[in-house]
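> Sequence:
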Amino acid sequence: MSSSAPTPSYKSGVDLKLVDLGKATDANRLFDLKQLEVTFDEPNGALWAFMRARGRPSYNLDLLDDIHALQRGVFARFSDKPDQLRYLVAGSRTRGVFSLGGDLNLFAACVRAQDRQALVEYGKSCVRVLHGFHTALDLPIITLGVAQGDALGGGLESLLSFDVIIAERDAKFGFPEALFGLFPGMGAYSLVSRRTSAALAEEMMLSGRTFTADEMKEFGLVHIVAEPGQGIAAAQDYMQRTNRRYAGVRGVYQAGRVVNPLSLAELDAVVGIWADACLRLSERDLKVMGRLISAQDRLQTPLQAAE
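Read in order, the letters of the sequence shown correspond to residues 0 to 306 in numbering that gives the first Met the number 0.
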């Protein structure tokens with residue numbers, strides 16, 4: 000989701016008071032989101048956002064709404080104060096899980112109803128979240144994704160949108176969609192192929208296998224592997240080490256987006272391909288999906304307390 004629209008003027012017929020009111024509302028809501036725990040470490044210029052998804056740790060519609068609100072709120076609060084925010088760090092409060100990805104119950108219901116529009120709308124919402132983080136919200140910041148647990152399917156797609164990825168050694172990663180005849184259609188091919196190669200992107204997407212944090216680092220998809228329980232400390236250490244050369248490090252990631260641009264048009268086109276593939280799933284595929292949902296439900300653990 001890009002927030003780089005030009006500032007409206009009176010000539011455009013836009014009431015600037017209403018614009019300012021909307022911006023203030025977005026900024027105030029930043030720290031009052033239902034499925035996100037957001038705090039600001041002002042001395043270090045670091046905004047921390049931890050997912051606290053209800054039920055299965057996946058991207059339900061309300062969580063997606065909260066992430067959109069997070070992105071709007073960050074831009075509203077910091078866009079005119081570029082020296083205050085240096086880092087945006089994302090993680091999860093679900094023990095052992097970063098995110099299990101898309102809302103499979105929603106997918107199954109849409110497939111059975113042959114509701115392509117609902118699938119496309121969900122996918123477009125997801126890729127706008129991904130694109131927002133990938134572009135660092137058009138702010139002069141460095142983004143960090145901290146996986147203190149498994150990142151699967153859409154969870155891995157979203158993780159790959161951050162500049163720096165930190166993974167605890169016991170976390171697992173992969174795209175299980177192949178197990179029920181589908182593929183990850185919300186950024187996987189675009190991001191993996193840009194960071195590594197199209198061949199690796201296809202292997203990961205078609206095999207359905209999971210990979211360790213060390214394997215992901217060998218691929219170039221994870222930057223830092225931390226010991227179990229040390230992901231947050233690793234992020235804090237990264238920021239401390241980066242502070243003295245912050246401008247140059249941020250510039251590298253900014254240059255990467257110029258050299259390998261990723262457009263919303265590309266992401267939306269893949270969402271359309273994904274939605275069409277969804278509608279071709281058989282009842283057998285949906286039963287396999289259902290068994291995966293049940294397995295994930297059994298793995299649910301209580302949310303961790305805030306640190």
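Hint data in this document are derived by calculation from the structure and do not stem from the laboratory. Some clues are possibly wrong.
To be verified - Straight line, CA to CA, 20 Å or less: simulated EDC-like cross-link-like pairs of lysine to aspartate or glutamate:
no.	residue 1	residue 2
1	Lys22	Asp79
2	Lys286	Asp296
3	Lys123	Glu226
4	Lys80	Asp137
5	Lys22	Asp82
6	Lys80	Asp64
7	Lys216	Asp236
8	Lys123	Asp296
9	Lys123	Asp61
10	Lys22	Asp64
11	Lys286	Glu41
12	Lys80	Glu41
13	Lys216	Asp169
14	Lys216	Glu226
15	Lys80	Asp25
16	Lys33	Asp82
17	Lys286	Asp275
18	Lys33	Asp61
19	Lys286	Asp267
20	Lys22	Asp114
21	Lys123	Asp64
22	Lys123	Glu265
23	Lys80	Asp40
> Which numbered hints are broken by the structure, listed smallest first?
3, 6, 8, 11, 16, 19, 20
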